[in-house]
Amino acid sequence: MKHLNAINRKAAMVVAATEADVVALQQQGGGPPQQPDKPHIPPGCSTVFSPGWEADYAGGTAGLCSPVERDLFDCHMGCFWPAQVPDQLNHAPDWTAKCAVAQKDWRKIDLVFPG
Amino acid sequence: MAKPARFPFRMVLGAGAVTCLLTASSAAAQTPPAAAADSGIPVTDTAVQKACSPCHRPDDKGVMSRISGRRTTPEGWERTITRMMALNNLKIDAQTARAVVKSLANSHGLAPEEARPGLYEVQRRLGDEEFKSDALNGTCDACHSLGRIITQRRTKPEWDLLISMHRGWYPIIDRQTFRRMGPAPRGRDAQGRPPDLRHPSEKAVDFLSDTFPLETKDWSGWTASMRPARIDGTWTLSGWEVSKGPIYGKVVLTPVAGAADEFTNTTTYTYARTGEQVSRTGRVTIYTGFQWRGRTTVGGADTTALREVMFVEPDWNAIEGRWFAGGYDELGIDVKLQRAGAGLTVVGMDHTALKTGGTGQTLKIYVANAPASVAARDLDFGPGVTVSAATVASDVITATVDVAAGAAIGPRALVVGGTAKPGAITVYDKVDGIRVTPTWNMSRVGGVVFPKMFARFDAWAFNNGPDKKPNTDDDLRLDAVVAQWSLEEYKATFEDEDLKFVGAIDAASGIFTPNVEGPNPQRKGERNNMGDVWAVASYTPPGATTPLKGRAHLLVTAPLYMKFDPTVTP
Chain A
2 MKHLNAINRK AAMVVAATEA DVVALQQQGG GPPQQPDKPH IPPGCSTVFS
52 PGWEADYAGG TAGLCSPVER DLFDCHMGCF WPAQVPDQLN HAPDWTAKCA
102 VAQKDWRKID LVFPG
Chain B
965 MAKPARFPFR MVLGAGAVTC LLTASSAAAQ TPPAAAADSG IPVTDTAVQK
1015 ACSPCHRPDD KGVMSRISGR RTTPEGWERT ITRMMALNNL KIDAQTARAV
1065 VKSLANSHGL APEEARPGLY EVQRRLGDEE FKSDALNGTC DACHSLGRII
1115 TQRRTKPEWD LLISMHRGWY PIIDRQTFRR MGPAPRGRDA QGRPPDLRHP
1165 SEKAVDFLSD TFPLETKDWS GWTASMRPAR IDGTWTLSGW EVSKGPIYGK
1215 VVLTPVAGAA DEFTNTTTYT YARTGEQVSR TGRVTIYTGF QWRGRTTVGG
1265 ADTTALREVM FVEPDWNAIE GRWFAGGYDE LGIDVKLQRA GAGLTVVGMD
1315 HTALKTGGTG QTLKIYVANA PASVAARDLD FGPGVTVSAA TVASDVITAT
1365 VDVAAGAAIG PRALVVGGTA KPGAITVYDK VDGIRVTPTW NMSRVGGVVF
1415 PKMFARFDAW AFNNGPDKKP NTDDDLRLDA VVAQWSLEEY KATFEDEDLK
1465 FVGAIDAASG IFTPNVEGPN PQRKGERNNM GDVWAVASYT PPGATTPLKG
1515 RAHLLVTAPL YMKFDPTVTP
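Protein chains in written order, with the working numbering: chain A, 2 to 116; chain B, 965 to 1534.
Just so you know, the hints here were simulated from the structure itself, not pulled from any lab data. Cβ atoms here follow ideal geometry from the backbone N, Cα and C, with glycine treated the same way. Check the hints yourself; a few may be wrong.
Now the in silico label distances, taken between C-beta atoms and shown as ranges [said to hold, decoys possible]:
id, chain 1, residue 1, chain 2, residue 2, range
1, A, Arg108, B, Thr1362, 47 to 55 Å
2, B, Val1216, A, Asp111, 37 to 45 Å
3, B, Met1145, A, Val15, 31 to 39 Å
4, B, Gly1305, A, Tyr58, 26 to 34 Å
5, B, Ala1148, A, Leu112, 51 to 59 Å
6, A, Val102, B, Ile1056, 56 to 64 Å
7, A, Val15, B, Asp1437, 55 to 63 Å
8, B, Pro1335, A, Leu112, 48 to 56 Å
9, B, Gly1102, A, Ala7, 33 to 41 Å
Keeping only pairs whose Cα atoms sit at most 30 Å apart, straight-line, the calculated DSSO-like set for lysine-lysine is [what the hints assert, rightly or not]:
id, chain 1, residue 1, chain 2, residue 2
10, B, Lys1527, A, Lys105
11, A, Lys105, B, Lys1488
12, B, Lys1025, A, Lys99
13, A, Lys99, B, Lys1214
14, B, Lys1181, B, Lys1208
15, A, Lys11, B, Lys1464
16, B, Lys1025, A, Lys105
17, A, Lys99, B, Lys1055
18, B, Lys1214, B, Lys1385
19, B, Lys1394, B, Lys1433
20, A, Lys109, B, Lys1385
21, B, Lys1464, B, Lys1433
22, B, Lys1527, A, Lys109
23, A, Lys109, B, Lys1394
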């Protein structure tokens, strides 16, 4: 960044983000590596990256569908997340029966213990 | 809300899937594949035959379709039975189901060396999977851990049928993972070989059939000599609970009359950091001669229940595993049991590091079979470390230790009462840094309908070692330190305000409590309280002025709306 200057708001945010990383600066003197060197996907998490359930393609949450309730019924009907969301076809055909709109009535859907 | 534009597409898939499902169910309920019927491990237990034969007809050798072609853990068999109940209309009471699981885990289970690589799966550990396979990449692990796979053994027809089962129940899985989408590979590779035209699921089955076959030397060897584990008696306990530190105590196992593989369990232990004492009682069943599955409580209260999944070493002298609870099994204690002999045994200590030049440093040494009295000269930490006083009470030796300024740094054995504890302490001259473990962690929002998944951290002090350089092999891990904890923004996107919404970390303990699930009207776009943050530990060593910091990535993510993983308890 020595010969570059931020000339718009977004570039200024990049500079600010770098300078604010106090822990990383402390580690520059040779401390132990603290930054994951690649996207980290916890085991058991879905790697169906479109968009990803627990983690996105970068190992974070920024690219996830949120609020998840917005698309939950579509996930249910389409069996898109077989290990995360009950499917309408087999495991929980009535899962959404008490919940007309997930974004409003999400408290009415239950945790399912499938086979 | 579902997107209307996508609705018809999903419904078309659903209609197709019904056809798939009917085909798969019919196949499973009728004549089994010839290859599966011709080979497999006979089921000789009449209780299993009675419970399963309405669908899985045995042949004249007792070989039952599907069942005989597979071996797996108690959890694997329990998952199968719950699936049969949920999707195949199986009616079975809990007692019979428990007996079937136990019988199949013994007759169609895993040998110790087959089970060992998949222990993290049954012990519900959130760690990186060591098992990797290009052949499985993007198929099985697209939805669940590979641990679920490597804890199974099947014939090739059975691996094929497992794929078919997934296709039947999850009809779009072909598009998601099983079949190659896009054009087939063309041309020859660098070695002149023709292109591999197999679909991903076909590659997976070929790999699984070769790598995890039904019949193995490990299993035939184990079944020839399998016997009830004679583990009754007293065991020393040493363990570690993240954010709470070391625990020490003992476990007493008493045989249950009439059952060679069941025990009652009385456990007492102390948190060395706080002195908190815990007494638990419960039961243990040993499956397949080595797989400990237990459950204990404090005074019978279900809210205090811990599930115990442990591995009994074949010599019956050591048992290791994890005790856990929590909505996602995330609150656990790593536990090691060692058979308590007749003599003095050092179980562990409240601290594992001593600073050079320090005088009057106090160590609590947890032992089994403590002598009636102990003198300072009975304890030896090697040159440069002087024990000036020692007392003993209730299996705890309290020692006062001075360390010479020039004492050599590095791990030391403690020799006491004719026994040695290698690497009991590490002598160091300076804390050069701290590291947070685990280096990454995951939490799930919850607390309204779905459970919260908590995340916990430890901070460890490190010394750079004799070479004075960080991150080299000679670095010395010293001791867990009591740090101040906070959260910092992980720079994934700008202005996502994750810090404001994801939850809070307890400054003293390092325990992260996520926020509630559900859309948050306070957040831009009504996003959930999910996000990425750093869990930051800050620690100022005695005599220093500048705090040392370390951090770990914390993923605060969505709940699971299904809980697949079974609970096998006695």
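Here is what the structure says about each hint:
1. A:Arg108 to B:Thr1362: 47 to 55 Å: With a Cβ separation near 53 Å, Arg108 of chain A and Thr1362 of chain B satisfy 47 to 55 Å, so the hint holds.
2. B:Val1216 to A:Asp111: 37 to 45 Å: holds (41 Å)
3. B:Met1145 to A:Val15: 31 to 39 Å: With a Cβ separation near 36 Å, Met1145 of chain B and Val15 of chain A satisfy 31 to 39 Å, so the hint holds.
4. B:Gly1305 to A:Tyr58: 26 to 34 Å: At roughly 54 Å between Cβ atoms, Tyr58 of chain A and Gly1305 of chain B fall outside 26 to 34 Å, so the hint is violated.
5. B:Ala1148 to A:Leu112: 51 to 59 Å: Violated: the Cβ-Cβ distance is about 42 Å, outside 51 to 59 Å.
6. A:Val102 to B:Ile1056: 56 to 64 Å: With a Cβ separation near 38 Å, Val102 of chain A and Ile1056 of chain B fall outside 56 to 64 Å, so the hint is violated.
7. A:Val15 to B:Asp1437: 55 to 63 Å: violated (36 Å)
8. B:Pro1335 to A:Leu112: 48 to 56 Å: The hinted range 48 to 56 Å holds for Pro1335 of chain B and Leu112 of chain A, with Cβ atoms some 53 Å apart.
9. B:Gly1102 to A:Ala7: 33 to 41 Å: With a Cβ separation near 40 Å, Gly1102 of chain B and Ala7 of chain A satisfy 33 to 41 Å, so the hint holds.
10. B:Lys1527 to A:Lys105: holds (23 Å)
11. A:Lys105 to B:Lys1488: holds (17 Å)
12. B:Lys1025 to A:Lys99: Roughly 50 Å between the alpha carbons, so the hint for Lys1025 of chain B and Lys99 of chain A is violated.
13. A:Lys99 to B:Lys1214: Since the Cα atoms of Lys99 of chain A and Lys1214 of chain B sit roughly 50 Å apart, the hinted pair is violated (cutoff 30 Å).
14. B:Lys1181 to B:Lys1208: violated (42 Å)
15. A:Lys11 to B:Lys1464: holds (21 Å)
16. B:Lys1025 to A:Lys105: violated (58 Å)
17. A:Lys99 to B:Lys1055: holds (27 Å)
18. B:Lys1214 to B:Lys1385: holds (18 Å)
19. B:Lys1394 to B:Lys1433: Given that 30 Å is the threshold and the Cα spacing comes to 13 Å, the pair holds.
20. A:Lys109 to B:Lys1385: violated (56 Å)
21. B:Lys1464 to B:Lys1433: Roughly 38 Å separates the two Cα atoms, so the pair is violated.
22. B:Lys1527 to A:Lys109: Holds, at about 17 Å.
23. A:Lys109 to B:Lys1394: It is violated: about 56 Å lies between the C-alpha atoms, which goes past 30 Å.
Hints 4, 5, 6, 7, 12, 13, 14, 16, 20, 21 and 23 from the list above are not met by this structure, while the remaining hints are.
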